[in-house]
Amino acid sequence: MTLACIGLGGNLGDAAQTLRGAFAALAALPQTTLLAQSQLYSTPAWGNEDQPPFVNAAVLLDTGLSAPALLDALLEVERASGRVRDPAVHWGPRTLDLDLLLYGEQVIDLPQLKVPHPYLHERAFVLVPLAEIAPDALIPGQGRVRDAVMRIEASGIASIGG
Numbered sequence: 000m001t002l003a004c005i006g007l008g009g010n011l012g013d014a015a016q017t018l019r020g021a022f023a024a025l026a027a028l029p030q031t032t033l034l035a036q037s038q039l040y041s042t043p044a045w046g047n048e049d050q051p052p053f054v055n056a057a058v059l060l061d062t063g064l065s066a067p068a069l070l071d072a073l074l075e076v077e078r079a080s081g082r083v084r085d086p087a088v089h090w091g092p093r094t095l096d097l098d099l100l101l102y103g104e105q106v107i108d109l110p111q112l113k114v115p116h117p118y119l120h121e122r123a124f125v126l127v128p129l130a131e132i133a134p135d136a137l138i139p140g141q142g143r144v145r146d147a148v149m150r151i152e153a154s155g156i157a158s159i160g161g
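Numbers 0 to 161, taken from numbering that gives the first Met the number 0, label the letters of the sequence shown in order.
What the hints contain is simulated information worked out from the structure, not anything from laboratory work. Note that the coordinates shown come from a computational prediction; the quantities given were computed from them, not determined experimentally. Yeah, the Cβ is synthetic: ideal placement off N, Cα and C, and Gly gets one too. It cannot be assumed that every hint is accurate.
Between beta-carbon pairs, the in silico distance windows are [said to hold, decoys possible]:
{"#": "1", "residue 1": "Gln50", "residue 2": "Pro139", "range": "26 to 34 Å"}
{"#": "2", "residue 1": "Asp135", "residue 2": "Val106", "range": "12 to 20 Å"}
{"#": "3", "residue 1": "Ser158", "residue 2": "Asp108", "range": "30 to 38 Å"}
{"#": "4", "residue 1": "Pro110", "residue 2": "Gly155", "range": "29 to 37 Å"}
{"#": "5", "residue 1": "Asp146", "residue 2": "Ala35", "range": "14 to 22 Å"}
{"#": "6", "residue 1": "Pro51", "residue 2": "Gln105", "range": "29 to 37 Å"}
Make a model of the complete structure from these sequences and hints.
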């Protein structure tokens with residue numbers, strides 16, 4: 000079994016309800032136990048700022064799935080929530096985005112999967128919820144989550160509860 004950290008986000012439709020549904024879907028994955036889920040956070044759009052604010056969260060899973068199998072499961076949860084990936088639109092609006100942020104302390108560099116997530120240590124909308132549930136998690140090459148969150152600007156991020 001491996002501890003895996005997943006970032007969740009969305010800004011189309013009822014994003015908070017979509018994330019709550021994603022919590023349940025992640026808890027139901029085979030060979031997987033949902034150990035913790037963060038509060039929901041309202042966050043400003045990042046990258047492409049001409050879109051509605053996001054709702055973000057993070058979960059901690061204990062999983063027997065391999066990292067690629069877990070990624071496939073995350074993509075299926077996204078599709079089931081109405082996510083349509085358009086390769087021409089980067090950082091655009093979406094119903095649900097699930098990112099495999101950390102998979103144990105492993106570094107994975109595959110064409111379809113990079114772990115730790117390449118921008119994890121730079122993104123407050125990921126680090127703030129992740130620090131709530133896994134402050135001691137190690138970001139390989141960057142240090143602990145609790146230290147990374149102290150190095151970033153997190154204004155504009157507000158808890159909206161569970």
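Evaluated hints:
In this structure the supplied range 26 to 34 Å holds for glutamine 50 paired with proline 139, their Cβ-Cβ distance being about 31 Å. Taken as a hint, the range 12 to 20 Å holds for the pair aspartate 135 and valine 106, whose Cβ atoms sit roughly 18 Å apart. A beta carbon spacing of about 34 Å between serine 158 and aspartate 108 agrees with the range 30 to 38 Å that was offered as a hint. Here the CB-CB span from proline 110 to glycine 155 is close to 33 Å, well matched to the stated 29 to 37 Å.
Between aspartate 146 and alanine 35 the beta carbon distance is about 19 Å. The supplied range of 14 to 22 Å therefore holds. The supplied range of 29 to 37 Å is met by proline 51 and glutamine 105, whose beta-carbon atoms lie about 34 Å from each other.
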